Amino acid sequence: MNIINVNKDNFDTEVLKSETKVLVDFNANWCGPCRMLRPILESIENDKVKIVSINVDNEEELAYKYQVSSIPCLVLFEKGKEIKRSIGLISKDEIEKMIGE
Amino acid sequence: MYDIIIVGAGTAGLTSALYASRASKKVLVLEAKNYGGQIINTLDIENYPVEEHISGFDFATKLYNQAKNLGADIKYEKVIDIKNSDIKEVITSKNTYKAKAIILATGSVNRKLNLSNEDKLIGKGISYCATCDGGFYKNKIVAVVGGGNTALEDALYLSDIAKKVYLIHRRDEFRGDSVTLSKLKEKDNIIFIYNSNITKLNGKEHLDSIEITNKEGNVDTIKLDGLFVAIGRIPENKIFSKIINLDNNGYIIASENCHTNIDGIFVAGDNRTKELRQLVTATSDGANSATEAVKYINNL
Ligand SMILES: Cc1cc2nc3c(=O)[nH]c(=O)nc-3n(C[C@H](O)[C@H](O)[C@H](O)COP(=O)(O)OP(=O)(O)OC[C@H]3O[C@@H](n4cnc5c(N)ncnc54)[C@H](O)[C@@H]3O)c2cc1C
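Protein sequences appear in the order of chains F and V.
Using our numbering, the first residue of the first sequence is number 161, and each one after it goes up by one.
Using our numbering, the first residue of the second sequence is number 142, and each one after it goes up by one.
Because the hints were derived from the structure by calculation, they are not lab data.
If you're wondering where the values come from, they're calculated on a predicted model, not measured in any experiment.
In this text, a Cβ means the ideal position worked out from N, Cα and C, and glycines have one as well.
Please note that a few of the clues may not be correct.
[Stated by the list, open to error] One-sided excerpt, in silico: chain V residues whose CB lies under 7 Å from chain F:
| no. | residue |
| --- | --- |
| 1 | F198 |
| 2 | K261 |
| 3 | S268 |
| 4 | D274 |
| 5 | G275 |
The following block holds chain F by itself, in its conformation from the complex (with noise of 0.2 Å):
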């Protein structure tokens, strides 16, 4: 699926205010098991997910806020919370797993 990029002034819309479950990717250029999930993220089909991006070295605010200090690091909101965090590089079938029905 088309992974948009979020930032702090989008967030609430994108992440927080969001209809459907959020998926938001914590990451840096510069990060290599970053890179290795970008594309597994973009192979998933799932209607009822939407997956955002935060580049951590732009967003430190949101970086900061949310407690991420190691990426990747993979966040799931629904209705506004956080109800499921993962850290570090993870297959596919996890991160279906981790998005849930």
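Given the structure of chain F, go ahead and fit chain V with the ligand onto it with the hints provided.
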């Protein structure tokens, strides 16, 4: 039915796939996570012949494309067991595959401290990769635990980012490189703690302090924001241990040309017995294991 099944798509496994595919064998690579293995964590490789600088991600991606373009089939399934009879079987979480020969290339994973709370605090103050996560600790207090090169390099890297770096080692002398060590000693924000083990990790939502115990049994608490664990790596060969011989440290006992104790099952990379665990030795094992596997199949 495949000719050769390779377990693990790291540097060794992908090189095995490249060699076996070039020998026109039908090859399947089974990988638990994604191709590339541990090297994808490195920003810059400087010691692989021919390329002066290359990132781990680019190195892995080039190797992956090379193996794939030669015809190797790669599936993302975690291997949970292998069986040996005339025809060999590789069992994953989803399927059972048959092959004439198997190459085990499962590499190694970070050694953990094995303290309670550790798993819970990974990414919440505990990290195994300073170059990956160091940037989150600008002007903070961190500690590095370990005594080898990785620990020394991590401490040096972090000393330019963090306010204060504790370097904790269980012995009174470091095993790592003396050049790095002397650079560390020149830094004024590094505090060396010798003869001490970390005995507790404190923190609910985030690591906030660690308890250390020294040789004499004295206990101390250090307040900090991050702990970088650099106490080496361990092979993950447990699933093979029913039939494959391992040494005392869990490495698969292998001959120079990658044979294990079972005919037709070979081993390549960091998970085997050897002195030097690097990319060049992983690719070398990849070439040897595939060549031996091809020889074995042609003699069946
Ligand atoms: C931070 C870091 C920096 C490094 N820098 C350098 C350097 O600059 N130069 C250098 O030469 N070396 C370097 N190394 C060492 C080098 O990365 C290793 O020696 C090399 O990657 C070993 O390759 P491998 O294929 O044996 O194992 P790995 O790279 O560990 O690959 C093993 C693969 O097997 C998979 N696997 C494991 N179990 C299973 C299972 N049950 N089922 C399916 N798949 C499985 C894993 O997911 C992994 O992808 C570095 C290592 C690290 C950690």
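Hint check:
Satisfaction of the interface hint for F198 of chain V is found here, the shortest Cβ-Cβ separation to chain F being roughly 4 Å, below the 7 Å cut-off. Against a cut-off of 7 Å between C-beta atoms, the interface hint on K261 of chain V is violated, since the closest Cβ of chain F lies about 11 Å away. For S268 of chain V, the interface hint holds, since its Cβ comes within 7 Å of a Cβ in chain F; the closest pair sits about 5 Å apart. The criterion of a C-beta within 7 Å of any C-beta in chain F is met by D274 of chain V, whose closest approach is roughly 5 Å, and the hint holds.
A least Cβ separation of about 10 Å between G275 of chain V and chain F goes past the 7 Å threshold, and the interface hint is therefore violated.
Violated hints, listed in ascending order, are 2, 5; each of the other numbered hints is respected by the structure.
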